[in-house]
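Asker: Following the hints, put chains B and C in place on chain A, whose structure we already have.
Chains as they are written, first to last, in my numbering: chain A, 1 to 354; chain B, 1 to 355; chain C, 1 to 377.
Watch out, some of these pointers could steer you wrong.
[Claimed, not checked] Straight-line Cα separation of at most 30 Å, DSBU-like style, residue types lysine-lysine; simulated pairs:
hint	chain 1	residue 1	chain 2	residue 2
1	A	Lys324	B	Lys249
2	A	Lys61	B	Lys258
3	C	Lys233	B	Lys53
4	B	Lys31	A	Lys6
5	A	Lys270	B	Lys300
6	B	Lys113	A	Lys61
7	A	Lys324	B	Lys31
8	A	Lys278	B	Lys31
9	A	Lys6	B	Lys18
10	B	Lys258	A	Lys320
11	B	Lys102	B	Lys18
12	A	Lys278	B	Lys258
13	A	Lys278	B	Lys113
14	A	Lys135	B	Lys64
15	A	Lys6	B	Lys53
[Claimed, not checked] Quick partial rundown of chain B residues pointing at chain A, CB under 10 Å, derived from the structure:
hint	residue
16	Arg57
17	Ile60
18	His116
19	His127
20	Ala250
Just so you know, these hints were derived from the structure itself, not from any lab.
For every residue, glycine included, the Cβ atom is placed at its ideal position computed from N, Cα and C.
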Amino acid sequence: MLDLPKRYVPNGASDSGGFGSVIYCKDEHLDRPVAIKFIREDSEKHRLMDELNALMLLRSKHVVQVYDIVKGESDSIGIVEEYIDGDDLSNSPIPKTSYEYYLKTLWQIASGIADIHGAEVIHRDIKPNNMKLDKEGIVKIYDFGLSRDEGAKAVTKGFKGTFGFAAPELIASGFVAFSRAVDTYAFGATAIVLSGLGLPDALQKIPPQPLPDNFMSTLPFKLTPDLASLITACLAPNPNDRPLMTHVRDLLSRHLLHNKHQALAVHNNKPLVLNSSKRTISLRFSDVGEIVIEYDGFRFYVSAVSGEVLINNQAVSVGKEIPKSCVVALGGSHRRANERQFITFDVSNPEVVL
Amino acid sequence: MTGPLNVNEVIDGRYQIKSYIDKGGMQYVYKANDLILKRLIALKTPQNPSAEKRFNRSAIVAAKVNHPNVAKTLDYFEIDNRQYLIEELIEGGDLEKIILQKVKYVDPYLVAKIFHYLAKGVAASHHVGVIHRDLKPTNVMVLSGLHVNSIKITDFGIAKMAEEELVEAIEDGEATISKSRTVVGALPYMAPEVISTPREVSFPADIWSLGAMMFELLTGNKPFGTGLIVIHKIIEAIPPEFPSFITNKAQFSYLSKKLIELILSCLQKDAATRPTADQLVEHCGTLCYPTTERYVGTVKEIRYNSWGFISNDEPDVFFNLDSVYGENPVNGSNVWFSKFPGDPNWRAHPVVCLK
Amino acid sequence: MHSKQLVFDFHVNIMTLAPYQQNLYNWFMRKATNSAVRRVAELPIAIATDIGLVRPENQDRSAILRIQLTANRSSIVVVLCDGMGGMSDGAECACLAIATFLSSCIQNVNLPLQKRLVSAVTNANDLVFAKYNGRGGATLSAFIADSQDGILGINVGDSRIYSIENNKLSQITVDDTILGQLGQTNENIHGQNELLQYVGMGQGIDPHVIAFPKDSPLPNILLTSDGIHFLDKQTMELVIKHSPDTAIAVRRLIELAKWCGGHDNASGIIATNLSSLLIPRLNANLGDIEVWDAFGEVQLVSFQPPCLTGFKNERKMEIKAPIENKPKPTRKRTPPNQDLLHKKTIALEKKNSKKDEKNQAETKKSIPQLQIDFDAN
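Isolated chain A, as found in the complex (with noise of 0.2 Å):
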């Protein structure tokens, strides 16, 4: 019999699958809804636990909140996470919806996983069913793919995923060594869902191969190349080859946040001001150096520099991004301090708005 803690109040509701079973139930200390979900503990019951007391740690936006560990029936241990109330997002017709609101909705999976990567953990089960659209239109990533002996359709031995979502190393060899690459690969995967293009041939086919070339000129967005090429190597066949969470988010940031940035150069006690309207300033101190810097919507960078130019006292070439905060000198170090001019650059911090 399932001894809870009388704090957690079974609605009667509950589930069951492949991850084991899910009961629904109210925490009267907290006044709030919760699911409890009971995993049978394994040989990697200290492994597991680390996990969840990272993942309890965890402050992401875009995951569901571990709350608790509680002990299930004989060997099982229950995980308490936090319920949302919404669509998966396999049944949501948001991201479809539009070109942003697809980026958007990208942008959110790619920070979820990335702050998951973060508290180096791994979900492994990465897939739009296992995402919610909360009632904010927040997505929130939940299921875990936590338990080990028990997988959907576990055709091979210590798979743990979901077909056409799982990287080609989860499925080739009988015993599967977990990297973060795995959660890369089904977040290509993901992207490619969302776009409404269903999942693709390549993918289904076990083991999964490669995409054939220019697939994703067939997506119904048009993708910039950068954004093709980045969820491309989110399905490269060789784990080593797909890029971190964190770049893919911030590729998807960069471009949801277009011409939204603004610079702020101080240059002989002038405020000058560069943003999506005026987009490009030159420095010049007599004969000594001069620089031109330009904002492209994405970055600020150099786009011509000569003479003695030093940015936070390195030297500077053209095309290189200006750092986000920064000093810049016209004079080299061996002039004195009246025969040089410092001109300070600040980039403002904006955030993707939801």
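Answerer: Relative to the frame of chain A, chains B and C by itself:
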């Protein structure tokens, strides 16, 4: 140790008391070890019956907010008629103790960063329907002292849900419990409607408080002064004046002016015209501020009344008086600054005198 | 209390305050019964206090001070402090506030009334703040009736002074709460009833000087802590109207407060016939300084009237035993305070707290007083 608990005492078979931290508004705060999850947490327990009345409710409300700029409520339970709240442990101190007691005012760069972080925390809170109602410097925690690595809003002791009726109409005679808590500390940050029409208080009250705090950081003054007269000044909500040093240096004037605009928008008498927390986050996102670390050092020499050097543990750091926010330092002044690589000396910017 | 010894490391004019201040502090900190009421010597004043039914200790302190300066001049101070329960050490704060206030009133007896009152509150505020750093404090309601300078009151916080005329109460103080300041009375919402200032808050304190109604004859006066005045005003008026005398009136107010929950400590002082307070006593001992609270009294003896010598030159004082059983002053050191015993006593006494008016006689019995003698040096 102070308060009802002792070192090494284990609460609920799980939380082992390590040390007494402080007395908050109405509660004792301890540092404790969560023996199950093997992590340090803050354990809070009410000081008196009046604090108990809202303790559970405030835990429920606070637990709804999940954001890196808000101290996380982890759990709540009662044992032997005593209430306990488990919260994320923040090692540091509050904005009042860590910053306002150390410097007269804060340069616009750091104000912009704090503003942005707090706006994000408040926005997260508002998104889940929670009004904090008690935003003030002592309820903002600062990690790692003057380095200001992170900022977290804490103490949801009187927070409420937007849709919640004010449930605190007090029984006869229990009004006297109010004396366990004063509003002396909160008054300078109270929105006009909190004073005059407390039943109509909603999200914009937090925005006002945020603006009032930022005014104080930037100028060193409370926007409507101190003492009893504050009540009437706040109700009138005549926009406070900003001292001229805030904008009279080119290095700071652009950002200062942006901040002044934002702060005044928060301090509008009509709650409906104040920006929402989301709008504030967006506005703060357009501010250009560096996120570089802060250091403390001593001014070694000043030459030609125009530049000088600061010594700290590292090699001396060069600074120009143009980079000083507010009052200029003299030889021997302790200063607070950020620094950028330079040769032969690194360059300090901005520089603020410590008290 | 041994753990609450005062340590001063700041520069208030404490050297001259210290003799009275420390002794008064110790006196106010002495163990006491849960409930007491008394009439004050031949003065037309009754004073009462009660721990209530909920609080573990009484953090209210109230007292009457009389200084006989010359054959023609006396000064009477009536004061009530409500320690802030739940904040640090409410009782200690109240004791420190009231002791400092009174000693300052003695010290500055030659200052004009307003200055005297304001500096007494300022001194109390500084001292409490220096020790508790804003974490603890007390309200303070007081007035001085000085045969030379007249009557003036002062108020900080939400304890109150009422005038009583034709059995009607009018509050002549304004509560230092938002409701009080805005002149509203009926919203019990968080923040509205909480203190805007208190003795011990440090910077920014702005005590209200209270001019008394100049009617002739002068009205009667009631001082209350909020443990009493949460009661409906009309009810309070009826209680006063139907009480045969002031001591019974103030006692009944307290009993009524307890019947209505007894949530807080309750204290009250009723002073009648104020004009009589302004008439110097004949055949009084010059230099006598007497202090009464609801439990007992002390006499601080200065060998010469303070107004003639100033206290700087006069270091020798005694706290005499209660007047009821005037023993000759014997010289003893202050015994260490017995904190544990004190607590146990209170715990035992709690059971007896529901006394009715018939027991007044019993509660009137004052507690044996410490006899103290010291050199201020």
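Asker: Does each hint fit the structure? Answer for all of them.
Answerer: Structure-based check of each hint:
Of the supplied pair hints, the one linking Lys324 of chain A and Lys249 of chain B holds, its CA atoms being roughly 22 Å apart against a limit of 30 Å. Proximity of Lys61 of chain A to Lys258 of chain B is assessed by CA-CA distance (about 29 Å); at most 30 Å being required, the pair is judged to hold. Our distance criterion of 30 Å between C-alpha atoms is met by Lys233 of chain C and Lys53 of chain B, whose separation comes to about 27 Å. Of the pairs offered as hints, the one joining Lys31 of chain B and Lys6 of chain A holds, with about 26 Å between alpha carbons and a cut-off of 30 Å not exceeded.
For the given pair, Lys270 of chain A sits about 28 Å from Lys300 of chain B by alpha-carbon distance, which is consistent with the 30 Å threshold. The suggested pairing of Lys113 of chain B with Lys61 of chain A holds, with an alpha-carbon distance near 20 Å, which does not exceed 30 Å. This hinted pair does not check out: Lys324 of chain A and Lys31 of chain B have alpha carbons roughly 37 Å apart, beyond 30 Å. At roughly 52 Å between alpha-carbon atoms, Lys278 of chain A and Lys31 of chain B are farther apart than 30 Å, so this suggested pair is violated.
Under the criterion of a C-alpha separation no larger than 30 Å, the hint pairing Lys6 of chain A with Lys18 of chain B is consistent with the structure, at around 28 Å. A C-alpha spacing of about 29 Å is found between Lys258 of chain B and Lys320 of chain A, which places the hinted pair at or below 30 Å, so the restraint holds. Restraint check for Lys102 of chain B and Lys18 of chain B: the C-alpha separation of about 28 Å stays at or below 30 Å, so the hint holds. Proximity of Lys278 of chain A to Lys258 of chain B is assessed by CA-CA distance (about 18 Å); at most 30 Å being required, the pair is judged to hold.
Between Lys278 of chain A and Lys113 of chain B the alpha-carbon distance is near 24 Å, which keeps this suggested pair within the 30 Å criterion. Among the hinted pairs, Lys135 of chain A with Lys64 of chain B is consistent with the structure: their alpha-carbon atoms are about 14 Å apart, no more than 30 Å. Distance check on the hinted pair: Lys6 of chain A and Lys53 of chain B sit about 22 Å apart at the alpha-carbon level, within 30 Å; holds. The beta carbon of Arg57 of chain B is positioned within 10 Å of a beta carbon in chain A (closest approach about 9 Å), and the interface hint is therefore held.
Using the Cβ-Cβ criterion of 10 Å, the hint placing Ile60 of chain B at the interface with chain A is satisfied: the shortest such distance is roughly 4 Å. Annotation: His116 of chain B was flagged as interfacial toward chain A, and the flag holds, the nearest CB pair being 7 Å apart, inside 10 Å. The beta carbon of His127 of chain B comes within 6 Å of a beta carbon in chain A, closer than 10 Å, and the hint placing it at the interface holds. For Ala250 of chain B, the interface hint holds, since its Cβ comes within 10 Å of a Cβ in chain A; the closest pair sits about 4 Å apart.
Consistency note: the structure conflicts with the earlier hints numbered 7, 8.
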